[in-house]
Amino acid sequence: GIQVEQSPPDLILQEGANSTLRCNFSDSVNNLQWFHQNPWGQLINLFYIPSGTKQNGRLSATTVATERYSLLYISSSQTTDSGVYFCAVERGGGYQKVTFGIGTKLQVIP
Amino acid sequence: EAQVTQNPRYLITVTGKKLTVTCSQNMNHEYMSWYRQDPGLGLRQIYYSMNVEVTDKGDVPEGYKVSRKEKRNFPLILESPSPNQTSLYFCASSLGRVYNSPLHFGNGTRLTVT
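Chains as they are written, first to last, in this note's numbering: chain U, 1 to 110; chain S, 1 to 114.
Hints are computed from structural coordinates only; laboratory data are not their basis.
Here the structure is a predicted model, which is why all the values come from computation and not from measurement.
Keep in mind that the hints are not guaranteed to be accurate.
Here are the simulated DSSO-like cross-link-like pairs (lysine-lysine), alpha carbons at most 27 Å apart as the crow flies [to be verified]:
| # | chain 1 | residue 1 | chain 2 | residue 2 |
| --- | --- | --- | --- | --- |
| 1 | S | K18 | S | K65 |
| 2 | S | K69 | U | K105 |
| 3 | S | K71 | U | K97 |
| 4 | S | K57 | S | K18 |
| 5 | U | K54 | S | K71 |
| 6 | S | K57 | U | K54 |
| 7 | S | K69 | S | K18 |
| 8 | S | K71 | S | K18 |
| 9 | S | K57 | S | K69 |
Please model the entire structure based on the sequences and the hints provided.
This is the structure in structure tokens:
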């Protein structure tokens, strides 16, 4: 099956710092999504981004499908950004099997 | 409010006692799916459903059953739970690929099987 690798596994940032999270996948995919799991366990969709670049406030994401990776940028980090960031890819002809990476755990300290 | 609702939030049960975790969405989504989250393993897909009466296995379907008799509901059934099914479970829904729609998750169900 498809492999999804995220890096780094853990990240500690000072508030206000910038960071880049990476997601590599081993095969072509139909789409890619980024999620944030907050400390209370809720999973929030950040980006639906099969290709190209999107921005939402301090967050932006870029997927280069031909090279099989995606990047999530967090600028001017805040303590509320803490949690685990997951990328998930969908393979197959429809909205079918979804594979998650094991996540990047981010801690933003004041 | 548009949402995916799972019940219960917490469940402690004993080995072999059948249980059902319910999932309901009010967004008229075609696609629904179940995942389990375990430390160090991320989320793994258990089952998914493309529409009413259409279900298929994900990566870890053993020990689980699902049904999709109505568009809004997608219950997860553990006929004979075992301790290795202790996990955090999430239900998710989406309009479907044709709409380029993201997944919306419920708040999770923490299951402990003793």
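Okay, the hints, checked on the actual structure:
For a cut-off of 27 Å, the pair hint linking S:K18 to S:K65 stands: about 11 Å separates their Cα positions. Of the supplied pair hints, the one linking S:K69 and U:K105 is violated, its CA atoms being roughly 38 Å apart against a limit of 27 Å. Using a Cα cut-off of 27 Å, the hinted pair S:K71 and U:K97 holds, with the two alpha carbons roughly 19 Å apart. Restraint check for S:K57 and S:K18: satisfied, since their Cα atoms lie roughly 20 Å apart, inside the 27 Å limit.
With a C-alpha separation of about 31 Å, the suggested pair U:K54 and S:K71 falls outside the 27 Å cut-off, and the hint is violated. For the proposed pair S:K57 and U:K54, the alpha carbon gap of about 32 Å is over 27 Å, so the pair is violated. A hinted pair counts as satisfied when its Cα atoms are at most 27 Å apart, and S:K69 with S:K18 qualifies at roughly 20 Å. Restraint check for S:K71 and S:K18: satisfied, since their Cα atoms lie roughly 24 Å apart, inside the 27 Å limit.
Distance check on the hinted pair: S:K57 and S:K69 sit about 17 Å apart at the alpha-carbon level, within 27 Å; holds.
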